[in-house]
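A.B. asks: In case you want the letters, here they are:
Protein chains: 2
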Amino acid sequence: MNKKMTSLLLAATFSSGLLMAQSITEDFKPSRFNQPGQAYPQVNSQGYARFRVHAPAADSVKVSLGLGGRGGTVLTKGTDGFFSGTTEGPMDEGFHYYNLTVNGGRFNDPGALNFFGSTRWESGIEIPAHDQDFYALKDVPHGQVSQILFPSKSTQTSRRAYVYTPPGYSKDLNSRYPVLYLQHGWGEDETAWTNQGLAHLIMDNLIAEGKIKPFIIVMTYGMTNEIKWGRIRDFKIDSFETVLVKELIPYIDAHFRTKADQPHRAMAGLSMGGMETKMVTLANPNVFSHYALLSGGTYAPADIKDKSKVKLIFLSCGSKENPEGVKKAADELKAAGFNSVSYVSPNTAHEFQTWRRSLKELAPLLFTK
Amino acid sequence: MNKKMTSLLLAATFSSGLLMAQSITEDFKPSRFNQPGQAYPQVNSQGYARFRVHAPAADSVKVSLGLGGRGGTVLTKGTDGFFSGTTEGPMDEGFHYYNLTVNGGRFNDPGALNFFGSTRWESGIEIPAHDQDFYALKDVPHGQVSQILFPSKSTQTSRRAYVYTPPGYSKDLNSRYPVLYLQHGWGEDETAWTNQGLAHLIMDNLIAEGKIKPFIIVMTYGMTNEIKWGRIRDFKIDSFETVLVKELIPYIDAHFRTKADQPHRAMAGLSMGGMETKMVTLANPNVFSHYALLSGGTYAPADIKDKSKVKLIFLSCGSKENPEGVKKAADELKAAGFNSVSYVSPNTAHEFQTWRRSLKELAPLLFTK
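Chains as they are written, first to last, in this note's numbering: chain A, 14 to 382; chain B, 14 to 382.
Think of the hints as simulated: they come from the structure by calculation, not from any bench. Hints should not be assumed to be uniformly reliable.
Just so you know, same-sequence chains aren't split out, so a pair can sit in one copy or run between any two.
Listed below are the simulated DSSO-like cross-link pairs for lysine-lysine, each with C-alpha atoms no more than 27 Å apart in a straight line [what the hints assert, rightly or not]:
#1 184 x 226
#2 291 x 272
#3 75 x 90
#4 341 x 291
#5 42 x 340
#6 272 x 184
#7 184 x 166
#8 151 x 259
#9 151 x 166
#10 322 x 291
#11 184 x 259
#12 166 x 42
Computed from a predicted structure; not experimentally measured.
Can you make the complete structure from the sequences, with help from the hints?
C.D. replies: Now the structure itself:
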């Protein structure tokens, strides 16, 4: 759907609330990311979300999610003490953060699991996607997601990272694997790529289908230097770069069976993690060979001093972001002799469905040479 | 402190609120389990907890935690839109679940991390304990906590477990390790022993101090059969026993470097997990050799058919539970020729500080022969 058509549809939506309400398909089911046994929030096959929250003495409950993820949804109080309501329209496929405002205070929805975003644990909801099969939990061999605590002299603490090791890693003790260092976005942390992104299931499924050769993924916290959480204007790359390159990578190479060299090391990041990826890869051409920015900017040919050290540049975003910019940058890199690939996620914005799909597209391109 | 003295102190506390308020030490600090950067909730050196919640249009905010973990604390609304208040008295050392009631609706505290208990994700707070050093995050070699997804034919899904592997596991690929299967309590899940219990840090510290020989810990969900979450009256051991003994143990032995025999396999559980441990160990004498019930009942000598198969029986509880019952059962087992040990956690009740301490006492007794 192009932008003009989207605008026309939105106009129609807003001018015919009654018609729209009648057209909602009543096949609502609990969201994939609900707390165990919780019936609400629910989602339907069209992408609508429906909420139901118990707050008998409250005057107002509002959900931060609305049409297309924007605005909000005001819930209506029933005589049973529950507030309920449905989004005004369908939302983008995939994962969305949200919260409730209850009489002016911001709380999470007791029905939903929590996910770390915007520097806090927020409620999350999953809108079923037409392509959700690639991140479904299937009866295939599963890898492990291991929490490690690695020593960091530069920050004087033990820092946490998660390491995805593919199925087979624990069985064939002679195999060594390439490594992708994969960064979250602003306000998120090292839990995001598995909790929200389901990166481990994406990998398990790609490996089971024989679409990729197994590799390790390492995820750590990327907002290392901030004094006060979440102040991106204070962000400096130095402290994160030190933790990643001088501390984490040596720890990983010492504690996991990696192929510990530049040709077998990739870095990727979403949003702010893309900015970090660009800065760290350009400053460390002998450490990483494969670069990927997911909704996280672009490289220009002039950025890279030694073309021979770069095996892949992958640039992606959602169709509702800046697809032309991403495609143009990839084209210019290709014209300059780089192995560059662009990917645009259909009908998604700056959100995790874009990044899940990006990982699925990126993975088969890594470490193939 | 005996029960009589506790009662006297409680009476004094209730009759002299003003005196008590004056005696609160103003050394409040954010709880260890706060969300990143959040100033509240706070705890002081005496065990008081102080809360501060933004809800400008709310009429009432109550915290479920009160004196000694009982009752609740009603917060007072300030002109700045924040509700605040301090518990009426000090609470037991260690971890406590809690939630907020905001105008009649139950929500979590936006300042605190969430922990799975009572079949839902709840807020958690940590009261500093005099012995908190044994579960502190220290600059010692750390093991890994790995999430695995193992196939379960009996329940027709992939099930989740967490596996603690000790420091060194990933380096010396020739070593094999004994395994402790460690169960949570009612309404908790496989995340409890690390999130609330900090079992991985307890192990890392014990190993660093040379107090135990390294072993693996496996934690999975123990309320396998329930149709509706949290209905303990519907609990049957069969489905959990099948998952544990027929599916999980073979998977662990195939995917981790275990000593895969009865002498090197232990089972322990807290509360409901103790009940499960008792039932599963008695029904599977050729699978487990070391048994531990933490606030989870006792064994009688007559329960055990073949004494020679049991290497250790460990029974524990908090001093505010049933210490005499636990000690008496251990004595009777000892008199009957069993290697039995009892442990009573001082000044704690049916709560995680009891179980953290129990794990610390249990670990050095495991797999020593």
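A.B. asks: If the cutoff is 27 Å on CA atoms, where do residue 184 and residue 226 land: within, between, both or neither? Let me know, please.
C.D. replies: Classified as both; 16 Å inside a copy, 24 Å across copies.
A.B. asks: Give the relationship of residue 184 and residue 259 under a CA distance limit of 27 Å: within one copy only, between copies only, both, or neither.
C.D. replies: Answer is between: at 20 Å across copies they meet the 27 Å cutoff, but 29 Å inside does not.
A.B. asks: For residue 166 vs residue 42, is the C-alpha pair at or below 27 Å within one copy, between two copies, both, or neither?
C.D. replies: between (48 Å within a copy, 25 Å between copies)
A.B. asks: Classify it for me, residue 322 with residue 291: is the Cα-Cα distance of at most 27 Å met within a copy, between copies, both or neither?
C.D. replies: Answer is within; shortest intra-copy Cα gap is 15 Å, inter-copy 60 Å.
A.B. asks: For the identical chains here, do residue 151 and residue 259 meet the 27 Å Cα criterion within one copy, between copies, both, or neither?
C.D. replies: Between copies only: 20 Å across, 37 Å inside.
A.B. asks: Checking residue 291 and residue 272: alpha-carbon separation at most 27 Å within a copy, between copies, both or neither?
C.D. replies: within (22 Å within a copy, 46 Å between copies)
A.B. asks: Regarding residue 75 and residue 90, is the shortest C-alpha distance of 27 Å or less found within a copy, between copies, in both, or in neither?
C.D. replies: both (11 Å within a copy, 22 Å between copies)
A.B. asks: With identical chains, the pair residue 341 and residue 291 could be close in the same copy or across copies; at 27 Å between alpha carbons, which is it: within, between, both, or neither?
C.D. replies: Within. Shortest intra-copy distance 17 Å satisfies the 27 Å Cα cut-off; inter-copy 66 Å does not.
A.B. asks: Could you place residue 151 and residue 166 in one of the four classes (within, between, both, neither) given a Cα distance threshold of 27 Å?
C.D. replies: Between copies only: 13 Å across chains, 41 Å inside a chain, cut-off 27 Å.
A.B. asks: One pair to classify: residue 184 and residue 166, alpha carbons no more than 27 Å apart. Within, between, both, or neither?
C.D. replies: between (33 Å within a copy, 21 Å between copies)
A.B. asks: Between copies, within a copy, both or neither: which fits residue 42 and residue 340 at Cα up to 27 Å?
C.D. replies: Answer is neither; intra-copy 37 Å and inter-copy 51 Å both fail.
A.B. asks: Regarding residue 272 and residue 184, is the shortest C-alpha distance of 27 Å or less found within a copy, between copies, in both, or in neither?
C.D. replies: both (17 Å within a copy, 15 Å between copies)
Checked against the numbered hints above, the structure breaks only hint 5 and satisfies the rest.
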